[in-house]
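Chain residues, written in single-letter form:
2 protein chains.
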Amino acid sequence: MEFDPAAAFDAERFRREGRAVIDWLADYWQSLPEKPVLSQVEPDGVRSQLPTHAPEQPESLDAVLADIDRIIVPGLTHWQHPGFFGYFPANASSPSILGELLSAGLGVQGMLWATSPACTELETHTLDWLRELLGLPERFASHAPAAAPGTHGGGVIQDSASSGLLCTLVAARERATALATNARGVQQGDRPLVVYASVDAHSSVEKGAMIAGLGRDWVRRIPTNARGEMDAAALARTMDDDARAGRVPCFVVATVGTTACGGIDPVPGIATAARRHGAWLHVDAAWAGAAAVCPEYRGPIVAGAEQADSWGFNPHKWLLVNFDCHALWVADRGPLIRALATRPEYLRNRATETGGVIDYSDWQVPLGRRFRALKLWMTLRMIGAEPLRQRIRDHVNWAAEFAGWLQADPRFELLREPSLSLVTFALRAGDEATAALQESVNRSGSAFLSHARVAGRHALRLAIGGTLTDRETVANAWDLVRTRAG
Amino acid sequence: MEFDPAAAFDAERFRREGRAVIDWLADYWQSLPEKPVLSQVEPDGVRSQLPTHAPEQPESLDAVLADIDRIIVPGLTHWQHPGFFGYFPANASSPSILGELLSAGLGVQGMLWATSPACTELETHTLDWLRELLGLPERFASHAPAAAPGTHGGGVIQDSASSGLLCTLVAARERATALATNARGVQQGDRPLVVYASVDAHSSVEKGAMIAGLGRDWVRRIPTNARGEMDAAALARTMDDDARAGRVPCFVVATVGTTACGGIDPVPGIATAARRHGAWLHVDAAWAGAAAVCPEYRGPIVAGAEQADSWGFNPHKWLLVNFDCHALWVADRGPLIRALATRPEYLRNRATETGGVIDYSDWQVPLGRRFRALKLWMTLRMIGAEPLRQRIRDHVNWAAEFAGWLQADPRFELLREPSLSLVTFALRAGDEATAALQESVNRSGSAFLSHARVAGRHALRLAIGGTLTDRETVANAWDLVRTRAG
Numbered sequence: 001m002e003f004d005p006a007a008a009f010d011a012e013r014f015r016r017e018g019r020a021v022i023d024w025l026a027d028y029w030q031s032l033p034e035k036p037v038l039s040q041v042e043p044d045g046v047r048s049q050l051p052t053h054a055p056e057q058p059e060s061l062d063a064v065l066a067d068i069d070r071i072i073v074p075g076l077t078h079w080q081h082p083g084f085f086g087y088f089p090a091n092a093s094s095p096s097i098l099g100e101l102l103s104a105g106l107g108v109q110g111m112l113w114a115t116s117p118a119c120t121e122l123e124t125h126t127l128d129w130l131r132e133l134l135g136l137p138e139r140f141a142s143h144a145p146a147a148a149p150g151t152h153g154g155g156v157i158q159d160s161a162s163s164g165l166l167c168t169l170v171a172a173r174e175r176a177t178a179l180a181t182n183a184r185g186v187q188q189g190d191r192p193l194v195v196y197a198s199v200d201a202h203s204s205v206e207k208g209a210m211i212a213g214l215g216r217d218w219v220r221r222i223p224t225n226a227r228g229e230m231d232a233a234a235l236a237r238t239m240d241d242d243a244r245a246g247r248v249p250c251f252v253v254a255t256v257g258t259t260a261c262g263g264i265d266p267v268p269g270i271a272t273a274a275r276r277h278g279a280w281l282h283v284d285a286a287w288a289g290a291a292a293v294c295p296e297y298r299g300p301i302v303a304g305a306e307q308a309d310s311w312g313f314n315p316h317k318w319l320l321v322n323f324d325c326h327a328l329w330v331a332d333r334g335p336l337i338r339a340l341a342t343r344p345e346y347l348r349n350r351a352t353e354t355g356g357v358i359d360y361s362d363w364q365v366p367l368g369r370r371f372r373a374l375k376l377w378m379t380l381r382m383i384g385a386e387p388l389r390q391r392i393r394d395h396v397n398w399a400a401e402f403a404g405w406l407q408a409d410p411r412f413e414l415l416r417e418p419s420l421s422l423v424t425f426a427l428r429a430g431d432e433a434t435a436a437l438q439e440s441v442n443r444s445g446s447a448f449l450s451h452a453r454v455a456g457r458h459a460l461r462l463a464i465g466g467t468l469t470d471r472e473t474v475a476n477a478w479d480l481v482r483t484r485a486g
Numbered sequence: 001m002e003f004d005p006a007a008a009f010d011a012e013r014f015r016r017e018g019r020a021v022i023d024w025l026a027d028y029w030q031s032l033p034e035k036p037v038l039s040q041v042e043p044d045g046v047r048s049q050l051p052t053h054a055p056e057q058p059e060s061l062d063a064v065l066a067d068i069d070r071i072i073v074p075g076l077t078h079w080q081h082p083g084f085f086g087y088f089p090a091n092a093s094s095p096s097i098l099g100e101l102l103s104a105g106l107g108v109q110g111m112l113w114a115t116s117p118a119c120t121e122l123e124t125h126t127l128d129w130l131r132e133l134l135g136l137p138e139r140f141a142s143h144a145p146a147a148a149p150g151t152h153g154g155g156v157i158q159d160s161a162s163s164g165l166l167c168t169l170v171a172a173r174e175r176a177t178a179l180a181t182n183a184r185g186v187q188q189g190d191r192p193l194v195v196y197a198s199v200d201a202h203s204s205v206e207k208g209a210m211i212a213g214l215g216r217d218w219v220r221r222i223p224t225n226a227r228g229e230m231d232a233a234a235l236a237r238t239m240d241d242d243a244r245a246g247r248v249p250c251f252v253v254a255t256v257g258t259t260a261c262g263g264i265d266p267v268p269g270i271a272t273a274a275r276r277h278g279a280w281l282h283v284d285a286a287w288a289g290a291a292a293v294c295p296e297y298r299g300p301i302v303a304g305a306e307q308a309d310s311w312g313f314n315p316h317k318w319l320l321v322n323f324d325c326h327a328l329w330v331a332d333r334g335p336l337i338r339a340l341a342t343r344p345e346y347l348r349n350r351a352t353e354t355g356g357v358i359d360y361s362d363w364q365v366p367l368g369r370r371f372r373a374l375k376l377w378m379t380l381r382m383i384g385a386e387p388l389r390q391r392i393r394d395h396v397n398w399a400a401e402f403a404g405w406l407q408a409d410p411r412f413e414l415l416r417e418p419s420l421s422l423v424t425f426a427l428r429a430g431d432e433a434t435a436a437l438q439e440s441v442n443r444s445g446s447a448f449l450s451h452a453r454v455a456g457r458h459a460l461r462l463a464i465g466g467t468l469t470d471r472e473t474v475a476n477a478w479d480l481v482r483t484r485a486g
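As they're listed, the protein sequences go chains F and L. All letters in the first sequence, in the order written, are residues 1 to 486 by my numbering. All letters in the second sequence, in the order written, are residues 1 to 486 by my numbering.
A hint or two may mislead.
Since the list gives no way to pick out one identical chain from another, each pair is judged satisfied if it fits inside one copy or across any two copies.
Pairs of lysine to aspartate or glutamate residues, derived as DMTMM-like cross-links and limited to a Cα-Cα distance of at most 25 angstroms, are as follows [claimed, not checked]:
1. Lys35 - Asp479
2. Lys35 - Glu12
3. Lys35 - Asp359
These are computed hints drawn from the structure, not numbers from a lab.
Next comes chain F alone, as it looks inside the complex (with noise of 0.2 angstroms):
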């Protein structure tokens, strides 16, 4: 008997089945407020209640959506959850997570123009747009009014600043050695290409030079100051050393906003470092980023972003685009598509040679990609750019009074001034008295922070951007907060 393709996708219960799903999220969210933020199972607690082998026959959506909640709700920490205060947000909404579904339910596959042209034309556009609404400038737009003739920018989504950091990283590779790596390898010998970030900077850069076999002790770690910024002279007289000593310096990561206390290179200062050596200047603004949506918060955001060669920013933390959903811009794509192209037969199509089009392959690891341009396209459209920036208002003005109500407390210590919407902060009495009042929020349930290295100090973290998070959230973690410090 043949297999019925109605098995696989039959409209009339894609209907049904599809409001039962979507009715369970939308209890899901209901329900987050009354569940505890982190996941309270044991190793192995998941995997222990699962069946052995696959089954032989179908089983119905309602036998999976009951295991749901009894196996799989209780091992998650919920992301989404209004107290998570934990990393940095991954956060969801309705118009993302109505995105993603359309996505997934149009199964189109956008390696080449060719191969869906409104996946990537959407994708180009959408970026144009995320580039405005930041103030970045022309030279990252792939179209824009008034672009310099012979500039030939662009945007691509990927779905991490990891991935994204390991592209450009592996350009400027390119670049500095006129491809001369991608044809023969590396040889870090006597001339080795290194790159340059803050101690503070995020571990991608140390996995990208690890997997572009750059290699790890030929990053260079710039010292930081007190408010966690890269030391630009330290970082102008580390590059001066290499140069002289025949080493070429290549790639400089600024990082504005840093993990642990969202710290803000001076990127004008490290741009004139870069550039006096021709090395590649790429952006992580992973985080901070989203914020530049706001006029008055922009300026040390995308300062020196003119002279920057990428600069990254994932929508998918603080812009309401659900993970993942990294936003990269170069200011010269030809790099970037020189150091990742191939070209085999079975992709060879008439719109590819014509030149005129975009092949997003050509600007990422993978060959395939999903239509990611939709949830970042719905999400701006169904929000709206003036409701985004009032929501980064909100959130940055919760983390002033919640740094407010600390610093009025003579047992807490705030490490740092806020940065943005992410406090950081501990208690005079110590670092072990610090991470037993993290490990006390944490296990109420009803709050989550995760910590950092700050000042030589345990450090706790409370970054506001949950989607569900309100003022009264932050004002509840701060009573949790205060009432365990004990």
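For this one, chain F is given, so just place chain L on it according to the hints.
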């Protein structure tokens, strides 16, 4: 005025709008047979219809869906159309779309076990299910009933075969150099690390070697026989020559199901050569791997897998899981994790430190990750193993039928015996006539064929695997090909 979180997520509005999107998608799938498979738009045809600026104020879902109908859909190449026979399929299904919806709606980020234990454990377990369904060796299992003590295999979901290959290549590179390249960088000097793959292997091998800093010139392209299968003796000779010359055979890719014609490399012979030189053996079964769910096709697909270091295939190609879903197994997770792990302070947590859990960010390029296991798990459960097998069988049978029709028509030449569900053919009248036939078929709108270079010829590829494709669609495609051949 503060931003109202309900503008980002309101449960009642989500129920209403979610239904509208579900219904829109059901209508879309029902309309697919009437749509032209291949988009008919010209470059810039989509973008030029979009407003120049993002909206300041929110727009309705209705407005968005109207634009999708008017602007986006005409710009799509419909990968889910029953007449889509190009490249390899990227087939979606109702359970997988709902799984992706759940993943987006839950919005958890599984970079660490601790950041959502169920996200990690369901992935580990579902890949154990899938390993068993494919008949892959127990050494690839994370939890195997009869696993030999000291084995530490396991599976992970990545976005694509390209990314999976890159990760295993980096693991191979680090294993070959005892982690020296991660520290000090690649030194493709006197003793370069060498990569091996057949001339018909996927472009991701070259791209991986470029990104990982080994260089395209150090990828040896081993010849294939008339069936597109790697010549294992030629591989052995090439590896021996390299070793004798002081070079380091590092990474061998065996392709199980080449893109051009579905050739299946002789993995056991390749494994012998790889083992002699201590090189990492990666099996790229991106498309054909799915067919191993059927015992009658399994033999050549999993042959030699017990000697492979890693083995990957794409459930998103031919197993009804929507893109993206690449399943990658390693026989020993140690080298992969040692090659890719970073452990900054802000990710430290008790579960990781006990060593008893998997942190999947150490198995991939990006740090963050979606809950992709849901869609794989839901597809396996809601379709069931036996129907999945029957579906593969149908496609293989229809490919054989199509090949029979071709062979009965003297104008056509079957360039290879069908490989599973892939038929590779040409017109005897020559490349120009074949390309013209392709153009004519694709312009018709009712079927889409892509091409490759096979036996020096412009070859048309009929890859059967669409979700809605049935025997009648295949028969109609033959009618179309036959009548348009002139």
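Against the structure, the hints:
In this assembly of identical chains, the alpha carbons of Lys35 and Asp479 lie at most 25 angstroms apart only when taken from the same copy (18 angstroms versus 59 angstroms across copies). Taking identical chains as interchangeable, the C-alpha atoms of Lys35 and Glu12 lie at most 25 angstroms apart only when they sit on different chains, with a minimum of 20 angstroms there against 34 angstroms within one chain. In this homomeric assembly, Lys35 and Asp359 come within 25 angstroms of each other (Cα to Cα) only across copies, at 24 angstroms, whereas the closest approach inside a single copy is 44 angstroms.
Violated hints for the displayed structure: none, as all numbered hints are satisfied.
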